[in-house]
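Sequences and hints are given; from them, build the entire structure.
In the numbering used here, the protein residues as written are 666 to 1205.
Hints may contain errors.
[Unchecked claim] The calculated PhoX-like cross-link candidates involving lysine-lysine, where the alpha carbons are at most 20 angstroms apart (straight line), are:
#1 1185 / 1200
#2 1126 / 1113
#3 1124 / 1113
#4 1200 / 1113
#5 1111 / 1189
#6 1124 / 1106
#7 1106 / 1200
#8 1189 / 1200
#9 1124 / 1111
#10 1106 / 1126
#11 1189 / 933
#12 933 / 1111
No lab work stands behind these hints, which were simulated from the structure alone.
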Amino acid sequence: MDKDSKVFAREATGLVRGISPFGAFVAGILAMSPPVVIYEFWSLTPAIFPNSNTLLIVALVFVPVIFWALMYLQFNVAMPRSGGDYVWVSRTLHPAVGFMANFYIFFWQTTVLGALAFLTTLFMGAFLQITGIEFNSPSTFALAATLSKPINTTIVGSILLIVFALIIVSGVRNTVITEIVLWAVSIAGVFAFVAVLLATSNGTFISNFNQVMGPSASSDAIMKIAANAGWTSGWTFRASVGAMAFGILTIASFNWSMYTGGEMKSVKRSSWASSIIPVIFGASLFELLGYAIYNTMGYNFVQATGLLYSTNPGAVPVGTGAAAVPLGLPWVYTIFMNGNPYLDSFIALAMVLGLAGVLLPVFMLVTRTLFAYSFDRILPTRFASVSDRFHTPVFSIVFILVIAIIVTAISNLTFFYGTYLTNTTLGFILATIVVAAAAIKFPYGKTKSLFENAPSITKVKVAGVPLITISGIVTLVSFLYVAYEGFTTPAIGGVISPYSFIGGLIIPFAVPWVIYYASKSYHKSHGVDIDLAFKEIPPE
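Here it is in structure tokens:
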């Protein structure tokens, strides 16, 4: 048996480089999910950080997020393999450390698949709200109510997961095509939303809103209720600075497509397209959205409704007839701006498809990291098996699908997620700190030769200091701050309880150490030193 077959699962991965730079860009934007960002920035942020201004938040976090993206770009160019930061950190720091940090991201994103399936059904409900109001259809509202029942949410979510898993099984080409279609429809809906906002004055919006909702549910009535709940008008610089940690986490996920580095064509271009460009594109889009939303709906109205809908939706007065439903998501308010019911319904449907599309890059992330663990022999090599027909890790995909459906069910039907997994964002923050530490270390020590033989973008120096080290330092400092905010602000890191701390943090970080050293011991007893794999980059 030759060295490669002993060290790695086999001499070649069996994966194909079928992701173009444009496909990588689309995956980055889909993962960032403009529909989710709209929801978080203009529905959740007003409740979590009163008197903050998202226009300012985005501007403040742009620099640290760019350095975060640059760190991933430089690493991916140096080691373009499936598994992303698992490969980078395990080769730079220590195999067990790399496995630990990335395993947490794998664990977190596997649970996120279930959460995304649930959230997609929530967005479907918003689509049905708009359609029902625009076409005055009671049956549509009845369908929205039916959809909101936990058992139905579980069924619909599971069907979504199965459909997207089948797409990924069928090959990278089909996955990329599906991502592009969903992205195109989604981004068209986002820009249509912006266009409707910019075409509607604040006076027209408020007048239409008050006319439809009636005096008891007018904008003034809503703001009065919000004021009684503690809301105050206006924004401050201090409040916006306080929301920076939340802003950094909101403009995240752009780098999920990096975990398919072993399937990217033109790695340098694809790395730019899946890191720096999505951040610039996304930040610009969110600034435009923020201006349009505040300009048309009014800053105080957005803050007041966001605060109420996120903290006590039952306190929000509703209108009469078709409008007798609470309106929670920003794009639902197009019904008060535009007289074209088809356009308004399209915008809401585009948001649903944009969110559903996030399932694809997340599925790719978790299945490719699982593949990478197996290819290095940490996990059984069965997880690294690749279909000769589709060139995809079918066994890993099916395995993840089963887990995702289970998570979807227990999340919707029990309090498991809210009890044990409320602190998973904290785990992601800590894992990112480890990646940043690896970036700082990469040009030195045992990986110095990898650094010196890497493409030019990775070897760039500023005042004699490697840029990847600088990127790592900025990311490290940024995420230490985010970690502090996460541990001290429950709205960011979740309420910490003994159950969530142990179940959502301690166990997921401890399990990979047990797995790694158990695997190392097992393979050593069979004459294989798996540590040899981490002295080199895996083969393509």
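Now for the hints, and whether the structure bears them out:
1. 1185 / 1200: 15 angstroms, holds
2. 1126 / 1113: Between residue 1126 and residue 1113 the Cα gap is close to 14 angstroms, so the pair holds against 20 angstroms.
3. 1124 / 1113: 11 angstroms, holds
4. 1200 / 1113: 12 angstroms, holds
5. 1111 / 1189: 23 angstroms, violated
6. 1124 / 1106: 13 angstroms, holds
7. 1106 / 1200: 15 angstroms, holds
8. 1189 / 1200: 17 angstroms, holds
9. 1124 / 1111: With a Cα-Cα distance of about 16 angstroms, the restraint between residue 1124 and residue 1111 holds, given a limit of 20 angstroms.
10. 1106 / 1126: Satisfied, since the Cα-Cα distance of roughly 14 angstroms is no more than 20 angstroms.
11. 1189 / 933: 37 angstroms, violated
12. 933 / 1111: At roughly 24 angstroms apart (the allowed maximum being 20 angstroms), residue 1111 and residue 933 break the hint.
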